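> Spelled out, the chains give:
Number of protein chains: 4
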Amino acid sequence: MNRKLRMGMVGGGKDAFIGAIHRIAANMDGLIELVCGALSINPEIAKDSGKSLFLPEDRIYLTFEEMIKKESELPADKRMDFVTIVTPNFAHFAPAIMALDHGFNVVLEKPITFTLDEALQLKKKVDETGLTLCLTHTYSGYPMVKQARAMVAEGQLGKIRKVWVEYPQGWLSKLSEREGNAQAAWRTDPKRSGKSGSMGDIGTHAAHLAEYVTGLQITDLCADLNIMVEGRALDDDGNVLLKFNNGARGVLMASQVAAGEENALKIRVYGENGGLEWAQQEPNTLLAKWLHKPTEILRAGGNYTDRLSSYATHNCRTPGGHPEGYLEAFGNIYRNFALTLSTKLNGGTPTKEMLDFPSVADGIRGMTFIDSVVASAQSELKWTKFGS
Amino acid sequence: MNRKLRMGMVGGGKDAFIGAIHRIAANMDGLIELVCGALSINPEIAKDSGKSLFLPEDRIYLTFEEMIKKESELPADKRMDFVTIVTPNFAHFAPAIMALDHGFNVVLEKPITFTLDEALQLKKKVDETGLTLCLTHTYSGYPMVKQARAMVAEGQLGKIRKVWVEYPQGWLSKLSEREGNAQAAWRTDPKRSGKSGSMGDIGTHAAHLAEYVTGLQITDLCADLNIMVEGRALDDDGNVLLKFNNGARGVLMASQVAAGEENALKIRVYGENGGLEWAQQEPNTLLAKWLHKPTEILRAGGNYTDRLSSYATHNCRTPGGHPEGYLEAFGNIYRNFALTLSTKLNGGTPTKEMLDFPSVADGIRGMTFIDSVVASAQSELKWTKFGS
Amino acid sequence: MNRKLRMGMVGGGKDAFIGAIHRIAANMDGLIELVCGALSINPEIAKDSGKSLFLPEDRIYLTFEEMIKKESELPADKRMDFVTIVTPNFAHFAPAIMALDHGFNVVLEKPITFTLDEALQLKKKVDETGLTLCLTHTYSGYPMVKQARAMVAEGQLGKIRKVWVEYPQGWLSKLSEREGNAQAAWRTDPKRSGKSGSMGDIGTHAAHLAEYVTGLQITDLCADLNIMVEGRALDDDGNVLLKFNNGARGVLMASQVAAGEENALKIRVYGENGGLEWAQQEPNTLLAKWLHKPTEILRAGGNYTDRLSSYATHNCRTPGGHPEGYLEAFGNIYRNFALTLSTKLNGGTPTKEMLDFPSVADGIRGMTFIDSVVASAQSELKWTKFGS
Amino acid sequence: MNRKLRMGMVGGGKDAFIGAIHRIAANMDGLIELVCGALSINPEIAKDSGKSLFLPEDRIYLTFEEMIKKESELPADKRMDFVTIVTPNFAHFAPAIMALDHGFNVVLEKPITFTLDEALQLKKKVDETGLTLCLTHTYSGYPMVKQARAMVAEGQLGKIRKVWVEYPQGWLSKLSEREGNAQAAWRTDPKRSGKSGSMGDIGTHAAHLAEYVTGLQITDLCADLNIMVEGRALDDDGNVLLKFNNGARGVLMASQVAAGEENALKIRVYGENGGLEWAQQEPNTLLAKWLHKPTEILRAGGNYTDRLSSYATHNCRTPGGHPEGYLEAFGNIYRNFALTLSTKLNGGTPTKEMLDFPSVADGIRGMTFIDSVVASAQSELKWTKFGS
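Protein chains in written order, with full-length UniProt numbering: chain A, 1 to 388; chain B, 1 to 388; chain C, 1 to 388; chain D, 1 to 388.
These are computed hints drawn from the structure, not numbers from a lab. Bear in mind the structure is a predicted one, so any value in this text is a computation, not a measurement. Yeah, the Cβ is synthetic: ideal placement off N, Cα and C, and Gly gets one too. Honestly, I wouldn't trust all of these hints.
[What the hints assert, rightly or not] Only part of the chain B face toward chain A is listed, based on derived beta-carbon distances under 8 Å: (1) 125; (2) 129; (3) 237; (4) 253; (5) 255; (6) 289.
[To be verified] One side only, chain C facing chain D, incomplete, derived with CB under 10 Å: (7) 42; (8) 168; (9) 195; (10) 233; (11) 237; (12) 239; (13) 268; (14) 274; (15) 293; (16) 379; (17) 382; (18) 383.
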């Protein structure tokens with residue numbers, strides 16, 4: 001397909017943190033152009049935002065309904081190819097389902113929906129339409145996360161015994177939602193965020209990372225969720241014991257009151273022969289620890305392609321020592337989505353590396369995780385079945 | 001007291017790892033001299049070991065009973081001042097109680113005894129005799145651990161909300177106890193080690209560190225103990241959720257099957273205003289993370305004495321940048337014990353810094369931890385009371 | 001100016017490493033669109049590359065002369081605003097001067113030209129035309145480099161005494177230029193690269209960084225340049241002593257035979273009160289070391305805006321803990337250039353933060369550095385004047 | 001020899017930093033006992049210090065002459081075996097030569113003497129007497145430094161091309177010698193310290209480390225020595241270019257005005273196939289970087305004895321992850337000296353591992369380094385021959 005893919009955006013107006021991130025990620029590789037948007041429910045912000053993004057006036061829409069309808073009426077060589085939805089959690093489902101109904105592919109922020117039921121409906125719609133839905137679990141876009149997944153899959157560690165995933169942040173250490181922090185306000189509001197705070201926002205990332213890297217599935221969990229800041233309505237901290245479907249055990253920690261931490265997502269996986277360690281804040285490095293050999297520092301773009309998986313190299317833009325970061329990881333999700341979509345539109349078959357982006361199935365796992373972790377937190381029994 | 005203290009040693013013959021460590025720690029500061037030993041239950045090893053340590057032949061004993069009896073009959077200016085007991089766990093209690101009964105002070109490896117009941121008896125005996133018992137929870141001997149404790153105690157972090165302590169080792173990743181590893185053999189043997197493996201050996205260190213640094217007490221726990229290596233009799237891995245007496249929550253992880261890890265004890269504590277992070281493998285550094293200030297790297301011997309607690313500076317031998325390690329931390333326990341004992345023998349009052357070494361009370365906490373964590377592991381309920 | 005800036009590219013066809021980097025950097029922030037290119041001197045590659053970048057056929061040019069001429073004939077609302085030149089060093093000058101002559105602004109890879117004389121001519125032309133020339137000394141685009149510069153400028157370190165800048169790479173450890181490595185081939189060829197190899201390629205970055213961070217100028221240098229790999233024509237390694245115009249001393253090391261290193265540019269600056277340390281491979285961190293206070297870890301996007309310079313915050317896209325990297329640093333140079341150009345085109349006055357990108361003056365410093373370092377290497381005297 | 005070696009100490013009274021360090025190092029392994037001392041030229045301090053070290057009154061001497069004379073008159077089974085001299089540099093030679101003349105072996109602080117001529121005389125005396133002289137270049141006592149040396153010697157890196165050794169400290173950033181800092185006072189005094197300050201104190205360590213690790217010898221140097229703090233008499237900072245006898249090039253940096261640094265000695269060595277990096281402040285780690293393989297983290301006590309040299313393992317007391325530090329490195333020098341001496345006294349042949357401690361030959365290299373670096377600093381020519 002000899003053109004860029006055309007993107008429309010729902011949400012993400014001025015000052016909306018994650019919208020700007022999505023646009024950078026989509027712009028980066030020159031495969032996608034933003035052609036229209038319904039950028040805010042506030043008409044003034046929607047217009048101003050569209051203008052500052054150089055959108056033509058007639059494609060700055062005031063509602064997602066208007067956008068999807070109008071775009072669907074444009075000629076095929078002009079209308080958008082897909083919709084990116086970056087609204088708060090409660091406002092994911094309606095535009096997503098309408099977009100699919102009108103033949104548009106979809107990129108969605110996580111968690112996929114407000115409820116598990118919505119996620120299941122979305123899955124059904126995706127299956128029916130044959131369209132592509134991409135869920136932006138950013139952290140699985142890092143090359144060295146993909147390298148870790150590949151090394152586990154190849155059996156380099158032997159059977160996995162233990163998984164440690166932790167996600168400490170400190171930004172909700174005070175009652176910021178009462179001090180004018182808009183981001184904090186909706187994240188801590190059950191009506192906009194859902195039934196869990198920290199677990200919904202970042203615990204889902206941690207759970208996704210654990211399953212993505214190990215290729216295993218969580219089967220049981222034992223959660224201790226807490227509200228550490230008085231006056232808050234949703235959990236801002238939690239510790240969860242995990243069982244996996246191969247017998248491995250694990251711990252998942254997610255906290256937004258770990259004062260002084262930034263965004264310190266980290267995973268450690270141990271098997272019979274060694275372990276892997278990856279930390280998001282230094283993402284180009286993967287430590288491979290071995291039982292009877294020195295620890296190795298595997299690096300994105302490293303000069304030893306025999307040791308690096310095609311999944312890792314496919315997702316690097318620079319040679320070793322030219323650090324790529326969060327935006328490139330995000331960009332990898334958009335890039336793989338775009339490559340998949342272009343290939344499909346051209347009638348081709350996407351490679352396995354292109355297809356390696358989170359989908360609606362990951363979204364259902366995420367919503368099930370939220371439900372299960374909240375159920376476990378309310379239970380006096382140690383173990384709660386995942387999905388029960 | 002114008003002389004070195006005289007030490008006798010029970011256990012710790014040739015090839016016994018921990019005995020050599022105790023001797024280095026005791027030698028280091030020139031406050032203690034080894035004068036006698038019952039170094040092995042094997043007479044040949046006992047004699048050879050004694051000779052290689054330059055002990056006089058008449059003070060190389062073949063049993064601890066002989067040693068304690070004979071030494072107690074020596075004139076006061078010659079006989080040992082204290083006994084160090086470095087035998088496997090099951091053989092702690094008998095020599096300790098006999099030593100106390102004969103007026104000797106005691107240094108004991110942890111866990112203090114084989115059972116909680118023994119620990120309680122030992123406590124009673126210590127109280128009755130007024131003698132000094134020192135338990136070598138090595139990791140609390142590090143200056144930057146003491147610094148962390150002091151900073152929490154001074155309220156620098158505000159109320160503590162979260163405690164993360166982890167202790168991954170990899171040395172039991174294979175069934176080494178069947179392959180001639182003597183250390184592995186007794187550690188994994190319930191008859192010599194007690195009712196828990198990894199939790200008894202290293203989980204107790206982690207629990208002690210968590211309580212020592214925070215000044216809090218664990219009140220409830222939820223344990224998942226596992227045997228990861230088939231054929232093993234005791235837990236080699238475990239994850240434990242914790243509640244503390246101020247409402248803080250925590251996680252304790254101890255694993256001896258984290259393949260590729262050495263001795264990676266680490267603690268992180270978060271309060272309302274910031275967090276602290278200390279890792280045993282880089283022990284001269286304490287990270288202090290703040291909500292609205294850059295993270296600080298506090299260093300043992302740092303050139304900012306206004307920021308370092310007297311507990312930290314008292315336990316440093318070198319200026320900043322001249323790293324002290326595990327042996328010095330161990331040495332600090334002996335040094336503080338020796339300074340306390342000498343001061344008492346001279347009729348003086350030890351300073352609070354001298355008295356800062358683990359005692360029989362810590363030993364009881366440790367045995368209670370083992371009992372509780374094993375009880376919790378066997379329970380279907382989420383929470384088990386500490387000490388219930 | 002309510003539109004994206006239009007970019008034309010000279011060089012940077014398929015498989016040309018740095019061209020792709022420039023495009024990502026230019027795309028990232030949605031301020032620039034690639035509209036035309038003379039992407040290779042090989043017509044097939046030029047065409048293929050243009051197509052794969054979705055350029056319209058009539059704006060895929062075969063030579064830079066054709067491109068500049070044809071674009072200058074297009075209507076103002078269509079023709080490119082600036083040319084990016086990413087050819088090897090020897091082919092910088094001609095397109096740059098022609099572009100300026102035709103009223104186009106210029107973005108140039110470093111080193112600015114093949115000879116100092118060309119650089120001086122370019123300066124003259126820039127001054128005459130009033131157009132904007134931007135030199136992509138990437139590393140000065142990192143927020144924490146800008147933070148370091150600001151801290152020095154504010155006098156936080158006191159008078160600067162010592163500057164250590166090192167740039168070890170390992171990629172030329174073998175005679176790769178004879179083994180089909182095209183990048184190595186031109187870099188080590190005096191006809192294409194200039195009179196210096198390692199110093200021209202990476203030493204110039206190191207020198208720029210040293211002057212940029214300290215705000216000082218090198219006045220004298222003492223160079224030891226070496227060819228470590230037999231058969232090579234240009235220096236692949238060098239060590240240089242430096243004097244600065246305030247009396248500070250320094251060392252600059254640049255090596256491309258530091259086997260096992262990736263791209264380990266690092267600078268340390270010490271003043272009367274403290275020091276700063278920044279390493280390109282972990283670029284979001286700036287260590288601030290103090291004489292009588294703990295070392296601080298300053299972080300891009302850190303939650304302490306009172307401590308971060310406006311130059312640092314202006315150049316961050318993400319909050320703390322969401323690592324930005326090399327491409328974002330590169331993107332900052334394009335972004336500031338674009339903001340400056342747009343503001344000028346709109347008749348406004350760029351802010352000081354917008355104007356903070358390397359210019360022709362930096363290019364002249366770089367060419368003078370190359371000349372001086374080569375002269376010093378050939379001298380038996382210790383010190384050679386910078387620019388003599 | 002079935003006894004501890006008997007040590008006498010010259011210098012090292014109360015509050016003398018390095019004397020205490022020597023005693024800990026000597027005590028640590030139970031191979032040496034302090035039996036006498038001439039601990040200060042101040043009689044009160046000498047007596048007090050001796051008492052606090054539990055020396056018998058009749059072996060607390062007031063001068064080194066008295067000590068050496070009286071000890072030499074004691075019966076062989078009582079008198080000291082060797083003298084440790086820890087006075088300032090100017091007071092090394094007299095006690096050393098007298099000790100050798102009276103048949104005592106010697107341990108000396110570095111730099112070995114005040115002048116090169118004295119060092120040469122000492123060498124002659126050692127050769128004549130056949131006694132053992134040990135020079136405490138502490139940093140070569142670290143196991144991972146020995147590992148680095150062994151890896152280079154085995155050719156793992158191929159031919160060495162580049163050596164980078166740096167030693168930044170910050171403790172002389174102010175004119176501390178005028179503010180009552182006794183250590184600073186003699187270190188910066190040419191009458192007590194010698195003709196160089198920073199190069200004599202720490203540059204010699206760096207030079208020794210470079211030659212020790214690489215097995216090469218410096219042949220030429222180009223020095224820039226500076227007095228950064230006004231009012232100081234000796235260099236407090238210096239940068240030196242180096243040539244080695246195999247054609248390798250290097251840089252040596254030593255600064256005592258690197259404000260905010262502690263004791264950050266670090267060496268990097270690059271050969272054809274890879275590089276090594278060791279930093280004193282994290283001494284149990286050696287990074288091995290490879291051209292086409294991931295970097296490896298070699299660790300003291302690591303669980304891969306096939307990869308660790310016998311020189312490294314012989315100098316470890318603990319298993320991996322139980323960090324040893326500066327005092328253990330110092331202790332290794334004493335331990336190897338003691339093992340060598342005991343073996344000789346018993347008529348045996350010390351192993352090569354035992355003999356691996358710095359000797360009078362290293363002392364002569366050090367004094368020549370000081371002379372050469374000072375000569376180079378005064379020369380206008382780039383290169384000065386080492387030893388010219």
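> Each of the hints needs a verdict: does it hold here or not?
These are the hints, each one checked on the structure:
no. : hint : in the structure
1   : 125  : 38 Å, violated
2   : 129  : 43 Å, violated
3   : 237  : 6 Å, holds
4   : 253  : 6 Å, holds
5   : 255  : 6 Å, holds
6   : 289  : 3 Å, holds
7   : 42   : 31 Å, violated
8   : 168  : 8 Å, holds
9   : 195  : 19 Å, violated
10  : 233  : 18 Å, violated
11  : 237  : 6 Å, holds
12  : 239  : 5 Å, holds
13  : 268  : 8 Å, holds
14  : 274  : 5 Å, holds
15  : 293  : 8 Å, holds
16  : 379  : 7 Å, holds
17  : 382  : 5 Å, holds
18  : 383  : 8 Å, holds
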